[in-house]
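Chemist: Fit chain B with the ligands to the known structure of chain A by using the hints.
There are 2 protein chains.
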Amino acid sequence: MTYPFQLIPMATLKENGVAANSWKIHEHLGTHTDAPNHFIENQKSLDQIALEDLIVPVVVIDISDKASKNRDAELTVDDIKTFESQYGKIPDHSCVMMYSGWEAHLKDPMFVGLDSQQVKHYPGFSSAAIQFLLTQRSIAGIGVDDLSIDPGIDEKYTGHKMLFAAGKWAVECVANLSNIPKTGATIIVGAPKVGKATGGFSRIIAVW
Amino acid sequence: MTYPFQLIPMATLKENGVAANSWKIHEHLGTHTDAPNHFIENQKSLDQIALEDLIVPVVVIDISDKASKNRDAELTVDDIKTFESQYGKIPDHSCVMMYSGWEAHLKDPMFVGLDSQQVKHYPGFSSAAIQFLLTQRSIAGIGVDDLSIDPGIDEKYTGHKMLFAAGKWAVECVANLSNIPKTGATIIVGAPKVGKATGGFSRIIAVW
Ligand SMILES: [Mn+2]
Ligand SMILES: [Mn+2]
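Read top to bottom, the protein sequences are chains A and B. Residue 43 in my numbering sits at position 43 of the first sequence, with consecutive numbering throughout. Residue 116 in my numbering sits at position 116 of the second sequence, with consecutive numbering throughout.
Treat the hints with care, as some may be off.
Copies of the same chain look alike in the list, so a pair counts if it fits in one copy or across any two.
Stated by the list, open to error - List of simulated lysine-lysine pairs, DSS-like, C-alpha gap at most 30 Å: (1) 14 with 156; (2) 44 with 14; (3) 81 with 107; (4) 161 with 196; (5) 182 with 89; (6) 44 with 193; (7) 14 with 196; (8) 89 with 120; (9) 156 with 24; (10) 24 with 120; (11) 81 with 161; (12) 196 with 156; (13) 81 with 156; (14) 120 with 44; (15) 14 with 193; (16) 66 with 196; (17) 193 with 24; (18) 161 with 24; (19) 107 with 120; (20) 69 with 14; (21) 196 with 81; (22) 161 with 14; (23) 120 with 14; (24) 81 with 24; (25) 196 with 24; (26) 44 with 107; (27) 182 with 24; (28) 44 with 161; (29) 24 with 69.
In case anyone wonders, no lab produced these hints; they're calculated from the structure.
Same shape as in the complex, but just chain A (with noise of 0.2 Å):
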């Protein structure tokens, strides 16, 4: 159903004095933004994401230990308590990353790691990681380092469900995350403004 991005020549200098290409692009290519809307029936489009929800603190949950030993590994409430022990409690309305290393492998079949029975096979967020911070916590939205927030091995997109239920975001296949602070600094997500959209690619930049 999806497609890779292309770019498309339209005008060039030589023949035209002026360049520009087309793009043929879908909601859900590179580095971009979930909106609510992607899974839940009448819920937020990405154009109807408020922009103070879109400027807000970053934490990274980094899980790339257990994830180089086990491509379904998944972020867990322990591991947002072991994070808090460290760098204290999740900042309200922040964004929560995922780090898992699978950036590294963003060229390699391994980012999507299909199996012979065409299942996916990387790392995500627990259901019940998503639950706590949605019930225990105050975020904004979440994110991780590889394709989806949900481990590759759910196919039914659960945390995906719940967290669009509650009207947060998600912002998928960030790249650098293991480059930022852990804690303090605040994250812009440049989701672009588009009516209707259920996801965008977004430029993500991260100040401290």
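Modeler: Structure of chain B with the ligands alone, referenced to chain A:
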């Protein structure tokens, strides 16, 4: 050569349990950034603009009064000097925005202003003003609330070429410039990091 934005459903909640859309798009649609390679051979593409050049001070020079009387109005060197006498010198490494009031015409033919000879009519920076900014001030880029940094009547895109030869960027079709301070704000240009792109739609945010 150009075409309007189209959002084409790929999947719907009712039929597929997930909603997602395809976008038919080109690099110079809606609120977008122009990269120097749009008009100049071997200049920077969109992904090559340094992040530190995309988060910069912003000033807004309001020429809406004269533009309301003359759709070919230009932002001139005198307008810059008048602005500076009131708000102080344009800060180094900043983005200079022209506010012409044209955003109000977004949905009527006046936005492009084609005459019977197919010549366009809308306000823009004079090429002398761009030259002044490039040589007498230090800028990161410039922007406008209408279609192009050059006035519609300039079919040679003189200002584009001068600006891009100097490796600076432009932002076009920028909304809400009348709602931010004339000076003192910081702009975050969320230009998508797409290789070879000559531009691309961008979430542009001012904070102050
Ligand atoms: Mn997605
Ligand atoms: Mn353009």
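Chemist: All hints, please: hold or fail.
Modeler: The hints, checked one at a time:
| no. | hint | result |
| --- | --- | --- |
| 1 | 14 with 156 | between (50 Å within a copy, 15 Å between copies) |
| 2 | 44 with 14 | between (44 Å within a copy, 17 Å between copies) |
| 3 | 81 with 107 | neither (33 Å within a copy, 52 Å between copies) |
| 4 | 161 with 196 | within (18 Å within a copy, 36 Å between copies) |
| 5 | 182 with 89 | within (12 Å within a copy, 39 Å between copies) |
| 6 | 44 with 193 | both (12 Å within a copy, 26 Å between copies) |
| 7 | 14 with 196 | between (38 Å within a copy, 16 Å between copies) |
| 8 | 89 with 120 | neither (32 Å within a copy, 57 Å between copies) |
| 9 | 156 with 24 | both (28 Å within a copy, 29 Å between copies) |
| 10 | 24 with 120 | both (25 Å within a copy, 29 Å between copies) |
| 11 | 81 with 161 | within (23 Å within a copy, 55 Å between copies) |
| 12 | 196 with 156 | within (23 Å within a copy, 37 Å between copies) |
| 13 | 81 with 156 | within (26 Å within a copy, 61 Å between copies) |
| 14 | 120 with 44 | within (28 Å within a copy, 38 Å between copies) |
| 15 | 14 with 193 | between (34 Å within a copy, 24 Å between copies) |
| 16 | 66 with 196 | neither (38 Å within a copy, 37 Å between copies) |
| 17 | 193 with 24 | both (18 Å within a copy, 15 Å between copies) |
| 18 | 161 with 24 | both (27 Å within a copy, 27 Å between copies) |
| 19 | 107 with 120 | within (16 Å within a copy, 45 Å between copies) |
| 20 | 69 with 14 | neither (52 Å within a copy, 38 Å between copies) |
| 21 | 196 with 81 | neither (37 Å within a copy, 43 Å between copies) |
| 22 | 161 with 14 | between (49 Å within a copy, 15 Å between copies) |
| 23 | 120 with 14 | between (45 Å within a copy, 24 Å between copies) |
| 24 | 81 with 24 | neither (42 Å within a copy, 44 Å between copies) |
| 25 | 196 with 24 | both (18 Å within a copy, 14 Å between copies) |
| 26 | 44 with 107 | between (32 Å within a copy, 25 Å between copies) |
| 27 | 182 with 24 | neither (35 Å within a copy, 38 Å between copies) |
| 28 | 44 with 161 | within (13 Å within a copy, 41 Å between copies) |
| 29 | 24 with 69 | neither (36 Å within a copy, 41 Å between copies) |
Hint compliance for this structure: hints 3, 8, 16, 20, 21, 24, 27, 29 are broken, all remaining hints hold.
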